[in-house]
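Given chain A, work out where chain B should sit, using these hints.
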Amino acid sequence: MIKKVRPHVNQNEALLFERSSPGKLGYQLPPLDVPAVDPAAVLGAENTRAEIADFPEISEVEAIRHFTRLSTQNYAIDLGLYPLGSCTMKYNPRVNEQVARTEGLAWAHPYQPESLAQGILEVMAALEQALAEITGMDAVTLQPAAGAHGEFTGILMVRALLESQGDPRKKLLIPDSAHGTNPATASMAGYTVQNIKSNALGMVDVDELARAVDQNVAALMLTNPNTLGVFEVKISRIAEILHSKGAQLYMDGANMNALVGIARPGDFGADVMHLNLHKTFSTPHGGGGPGSGPVAVKSHLIPFLPKPRLTRGSDGTSDRWTWNYDLPQSIGRVRAFYGNIGMHVRALAYIMAHGGDGLRNATLDAVLNANYLRVLLEPYYQLPHQAPILHECVFSDARQAQRGVRTGDIAKRLIDYGFHPYTVSFPLIVPGAMMIEPTETESKAELDLFVDALISIAKEIEETPDLVLTAPHDTRTSRVDEVTAARKPILRWKP
Amino acid sequence: MRYLPKSDIERREMLSVLNAESLESLFAQLPAEVRLNRPLNISPGKSEYEIVDYFRARGDECANGYASFLGAGVYQHYRPVLVDTVVSRSEFLTSYTPYQAEISQGTLTTIFEFQTMICQLTGMEVANASMYDGSTAVPEAAMMAMRLTGRDRVLTARTVHPEYREVLVTYARHQGMPVAEVDYVRQTGALDLSELEQKIDSETAAVIIQSPNFFGIVEDVRRAAEIAHRHGALLIFVFAEAVSLGLLEPPRDADIVAGELQSFAISPSYGGPFAGIIATKEKFMRQMPGRIVGETKDTRENRAFCLTLAAREQHIRREKATSNICTNQALIALMATVFMTVYGKQGLRELASQNLAKAHYLAEKLPLRFTGPFFNEFVVTTNSRTPEAINRGLLEHKIICGLALGRFYPELDHAMLLCATEMSRREDMDIVAEALAR
Numbered sequence: 001m002i003k004k005v006r007p008h009v010n011q012n013e014a015l016l017f018e019r020s021s022p023g024k025l026g027y028q029l030p031p032l033d034v035p036a037v038d039p040a041a042v043l044g045a046e047n048t049r050a051e052i053a054d055f056p057e058i059s060e061v062e063a064i065r066h067f068t069r070l071s072t073q074n075y076a077i078d079l080g081l082y083p084l085g086s087c088t089m090k091y092n093p094r095v096n097e098q099v100a101r102t103e104g105l106a107w108a109h110p111y112q113p114e115s116l117a118q119g120i121l122e123v124m125a126a127l128e129q130a131l132a133e134i135t136g137m138d139a140v141t142l143q144p145a146a147g148a149h150g151e152f153t154g155i156l157m158v159r160a161l162l163e164s165q166g167d168p169r170k171k172l173l174i175p176d177s178a179h180g181t182n183p184a185t186a187s188m189a190g191y192t193v194q195n196i197k198s199n200a201l202g203m204v205d206v207d208e209l210a211r212a213v214d215q216n217v218a219a220l221m222l223t224n225p226n227t228l229g230v231f232e233v234k235i236s237r238i239a240e241i242l243h244s245k246g247a248q249l250y251m252d253g254a255n256m257n258a259l260v261g262i263a264r265p266g267d268f269g270a271d272v273m274h275l276n277l278h279k280t281f282s283t284p285h286g287g288g289g290p291g292s293g294p295v296a297v298k299s300h301l302i303p304f305l306p307k308p309r310l311t312r313g314s315d316g317t318s319d320r321w322t323w324n325y326d327l328p329q330s331i332g333r334v335r336a337f338y339g340n341i342g343m344h345v346r347a348l349a350y351i352m353a354h355g356g357d358g359l360r361n362a363t364l365d366a367v368l369n370a371n372y373l374r375v376l377l378e379p380y381y382q383l384p385h386q387a388p389i390l391h392e393c394v395f396s397d398a399r400q401a402q403r404g405v406r407t408g409d410i411a412k413r414l415i416d417y418g419f420h421p422y423t424v425s426f427p428l429i430v431p432g433a434m435m436i437e438p439t440e441t442e443s444k445a446e447l448d449l450f451v452d453a454l455i456s457i458a459k460e461i462e463e464t465p466d467l468v469l470t471a472p473h474d475t476r477t478s479r480v481d482e483v484t485a486a487r488k489p490i491l492r493w494k495p
Numbered sequence: 496m497r498y499l500p501k502s503d504i505e506r507r508e509m510l511s512v513l514n515a516e517s518l519e520s521l522f523a524q525l526p527a528e529v530r531l532n533r534p535l536n537i538s539p540g541k542s543e544y545e546i547v548d549y550f551r552a553r554g555d556e557c558a559n560g561y562a563s564f565l566g567a568g569v570y571q572h573y574r575p576v577l578v579d580t581v582v583s584r585s586e587f588l589t590s591y592t593p594y595q596a597e598i599s600q601g602t603l604t605t606i607f608e609f610q611t612m613i614c615q616l617t618g619m620e621v622a623n624a625s626m627y628d629g630s631t632a633v634p635e636a637a638m639m640a641m642r643l644t645g646r647d648r649v650l651t652a653r654t655v656h657p658e659y660r661e662v663l664v665t666y667a668r669h670q671g672m673p674v675a676e677v678d679y680v681r682q683t684g685a686l687d688l689s690e691l692e693q694k695i696d697s698e699t700a701a702v703i704i705q706s707p708n709f710f711g712i713v714e715d716v717r718r719a720a721e722i723a724h725r726h727g728a729l730l731i732f733v734f735a736e737a738v739s740l741g742l743l744e745p746p747r748d749a750d751i752v753a754g755e756l757q758s759f760a761i762s763p764s765y766g767g768p769f770a771g772i773i774a775t776k777e778k779f780m781r782q783m784p785g786r787i788v789g790e791t792k793d794t795r796e797n798r799a800f801c802l803t804l805a806a807r808e809q810h811i812r813r814e815k816a817t818s819n820i821c822t823n824q825a826l827i828a829l830m831a832t833v834f835m836t837v838y839g840k841q842g843l844r845e846l847a848s849q850n851l852a853k854a855h856y857l858a859e860k861l862p863l864r865f866t867g868p869f870f871n872e873f874v875v876t877t878n879s880r881t882p883e884a885i886n887r888g889l890l891e892h893k894i895i896c897g898l899a900l901g902r903f904y905p906e907l908d909h910a911m912l913l914c915a916t917e918m919s920r921r922e923d924m925d926i927v928a929e930a931l932a933r
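Protein sequences, first through last, are from chains A and B. Taking this note's numbering, the leading residue of the first sequence gets 1, the next gets one more, and so forth. Taking this note's numbering, the leading residue of the second sequence gets 496, the next gets one more, and so forth.
Pulled out of the complex, with its shape left as it was, chain B reads as follows:
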């Protein structure tokens, strides 16, 4: 087998060193009743060519050649060639977590750069090396707020991604963390700040908001933070569309930022692997979950980097750790690092501006459900038709239109969420506009 680098002659030589008769004899200590006494029911090994062919055929059963206006937490952005070039380097791809700093400076330096750029983007002072994704970063941020405030209640905007909120509920149930929701203003699509005022109390550890929110609407972060802080709660700011940070004011008033970086050159890949992050103020860093890289020196006084503040982590603190997270999303975070480097200061702004322009071009001709300001996503009313019927019709044009919102918001069963990015073509947008305006 091509992945096994030994000849039978070598195996026999090694067995003789062990004084063992056969490979099988190495398992003699296993009780007979635990042994599998038949071959695995998995078909025989295949050649590289057959494997490539199998997956090509599976890919062809998906949406090759379709234009898509789906967003809702997963965005189609162009992936610069440099991204895969860098992450395909064996030294990044096939290395382990950089515990041995002397031979891991490549990974450690890129993580330090990643942490720095996340801080620059979000207006926070420290960032971790990544979480699994945005959805799991949210409950981790909420648990962090619980530890920091000594309180246990969490209020989340109903405009936070519905699947993120589902994950939050799964985690919260066993933390003794009641989660309540704050509705949105029916006209604007933004968080209802007066309802937040009513629901927040002295037991509230955190208020969770997302901006742009699930409807694409930009939230009033400052007002939400002001309300949270007045009641001694922390504000957790969630982002799912990282490109928006190229144009939008960073959430400086937030205490914890929990975000998803999929937009930064990470393939949609049917929902993962992505990379989440948590960023916060320096004073809160010792309650942050996940790995963190810090700067130091080697014995020759040269700058060097290493994993640090490990006293928060499971391999040191065990049941008292800030989280059980071990493996994170390092290589995916590297994709985001290369993406941020390629676009840089000017590029990220121009990219965000193109997204804004495309989305507003498409939205201009459509009946919008909400009046709040939006970035590259918005909700459209489908009037007497169902979103499903509109979607079916557009599939004939090889266009995947929007997300029908009824599954998450029953009151929006005649509304759909559309997204336009720099990759959306004008001619496709015109077809969508015609189908929706009809």
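Bound-form chain A, shown alone:
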């Protein structure tokens, strides 16, 4: 029985440009308290533009209605479960939004004197320290703007370390279960990629790894737990194989929500890793960003961290935080200024709210939730890997595919039941993958509704597969033609 079906607000909202009408205003500036200047006179007529053709002219009332109506066409965590695997869509505490808007922090200019930025530097230092403790690493940079940016930063540091030893080496090893950002990062850092096959349990094949590691390998990029939610139990052996050949272990921390307070990458052999503050540390995804991708390293990589580094110095009278630019071995800057500070504020607020024990309890609940879903759904969907899981579980559409229904169709039908779909067709090692990560911030009641929905869909596929193949039915927008969008791209409005 369907317990949760919701119609969307049926608003046909025109684009801003279609709502625009000449002469409408949504703003008012104060009167100018200095003499006006003729733009053409001071800038040169050739440098001065005519009006911005077709730019919107809209009143304040229409503007807020426009964006509010559009917002109702979105799904969101605040509406319900958002079980995207490897995305860690957890609750985004609202107090974090408020504290990020604290005046002295939000209006701080990156070039204001350090003496007038001590509060913000203290926040960054406290976050660096907490992340080092959580990861078991020796130092942290907060400069990278997102996870992939953190990967790039970390791999450049590996490269700089190896260069300092005489040879940057040629390739990175990447398991076939990895996120696409890993191989894309390798290319940007000037490395080629060699894929490593997973074994029947979904883990790195240690023998194959041992054969692959030679003097040309700079590092293994490993997600642990991997994208099946499976902890790489031979991680110590993996680290040993790499280190014995002078290679580094890069850990993709996308799945760190499974480990906080339980195990630390720094204790199991990782040399460098990134974290996604927008996953594990609850900063909002915001429809695709902003994120933040701090990188944590062991001591041998500290000289290569991006500059500047936050350090405790003295101005002669007292100890204070200061930026150190004197880092001769640094990889340089990966971003202007110091990082996505507003995200750092939110992540620290999250860590403070939980505290050390609370963070660990969150991990326990996240793993409980994933295992609960796995056990209840296993009778209905094929589980391709039997190894125990932590924070997420991956099913395959193999049984449903026999009726012609694929993972993407099941995902669309879930929308009719009021849920955001799971991650579709990833990881690539599972044909027809259905990748589910509930996170710790889902109640038992919400999980039970989700299980009911997937069981109901499994039955529909047996009885009325067309219902699933043509889903969603109850949304304002029905299935979207993505093929035509790519074939005949229309990327902007035109009059």
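There is no bait here: all hints are sound.
Here are the simulated lysine-lysine pairs, DSBU-like style, with alpha carbons at most 35 Å apart:
(1) B/K792 - A/K494
(2) A/K298 - A/K197
(3) A/K170 - B/K778
Cβ-Cβ distance ranges computed for the label pairs, FRET-style:
(4) A/E482 - B/E620: 20 to 26 Å
(5) A/E482 - B/A527: 46 to 52 Å
(6) B/T580 - A/P303: 42 to 48 Å
(7) B/Y544 - A/D38: 51 to 57 Å
(8) B/D696 - A/E208: 43 to 49 Å
(9) A/R65 - B/E698: 50 to 56 Å
(10) A/P303 - B/R902: 20 to 26 Å
(11) B/R642 - A/S164: 28 to 34 Å
(12) B/H724 - A/D319: 52 to 58 Å
(13) A/N12 - B/A523: 52 to 58 Å
Note that these hints are calculated values from the structure, not bench results. Treat the numbers as computed from the prediction; the structure is a model and nothing was measured. Ideal Cβ positions, reconstructed from N, Cα and C, are used throughout, including at glycine.
Structure of chain B alone, referenced to chain A:
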């Protein structure tokens, strides 16, 4: 804990479904040697009140109540109330990347509007859904030019933001992309076009210029483009002060535009999160990095939007992708979208005009270092005094004055960069003028 929606009774019920004895038992597969056998050394969880109080205290240790004339890539502009109202909607704030188009039309439609307005502003034909910021958009644009031209050398004006150039160098080193700089004319503060003519050659993939440049000077984009194109190179136009586009001729002659939108209602926030963009000509769109939204139809023939041209991206192409970018700055781009909507066609022009007027009011009384036309930033010579001494003196008036330029340009160690915006008060400007003219 208030963020964990389960009672212990429910946890026990769930464990019994799993046939598990305890939560701990769910981690039994982890080898003993990898387990952390002590509590995390992080102080106990705090109440909402304590958290708010902590950050308020940290904010009070910063520059509350100070007027500032700092620009240099981060500008103080008024943030209309509608901006935070819209981005605080749960549906925008707590949604994921809009891969599931049927339940993401809100985000997708606003991105389509964003792309359109960026095109209107810059004179380009297509724009992406955002990059991390202006500084990272620059190397992404340079790598795009490498792919488009099959050449590998890049020439950048020395008047491009120094930190953007540092980021470019970090990226370029591992792309086999030599980066050379073109100096500025000492009198005007603008790019030295004759030096550009000398340095450009048949291996040059792109020429990178910024306008208004780091000194606030408006560059001759047309001439730079003409030189680049004559040698088969692309022109990458960088902007850091987006409000300038309300008045300045858009860079129609450029091939790629890489910009920073911080000026569009994005808090300075000590340097981030901001939002960068890349815009270009239609013929180059398949080499553009980042997400792009396109228009299409749903099965009922209604207009709909979706992410498109994904064959460029890392989740499809892996090591052959145009970039590794995944997460971008969507919510920040939405701030810019709301800002552009609120100000609109007339407002952006009036706002830019106010910036121009305020900056020229302040500059009028000061010894300017350069003669080139400027928008809302300019370089002042401090003569026998150091910029640091002047800045120290003005802090007593609760004024943060300008950026001392010696750290980036050794030859300008007795010069500072000042910025005035619509938020600069006349009385503060008069104090600054008096201190600098003295």
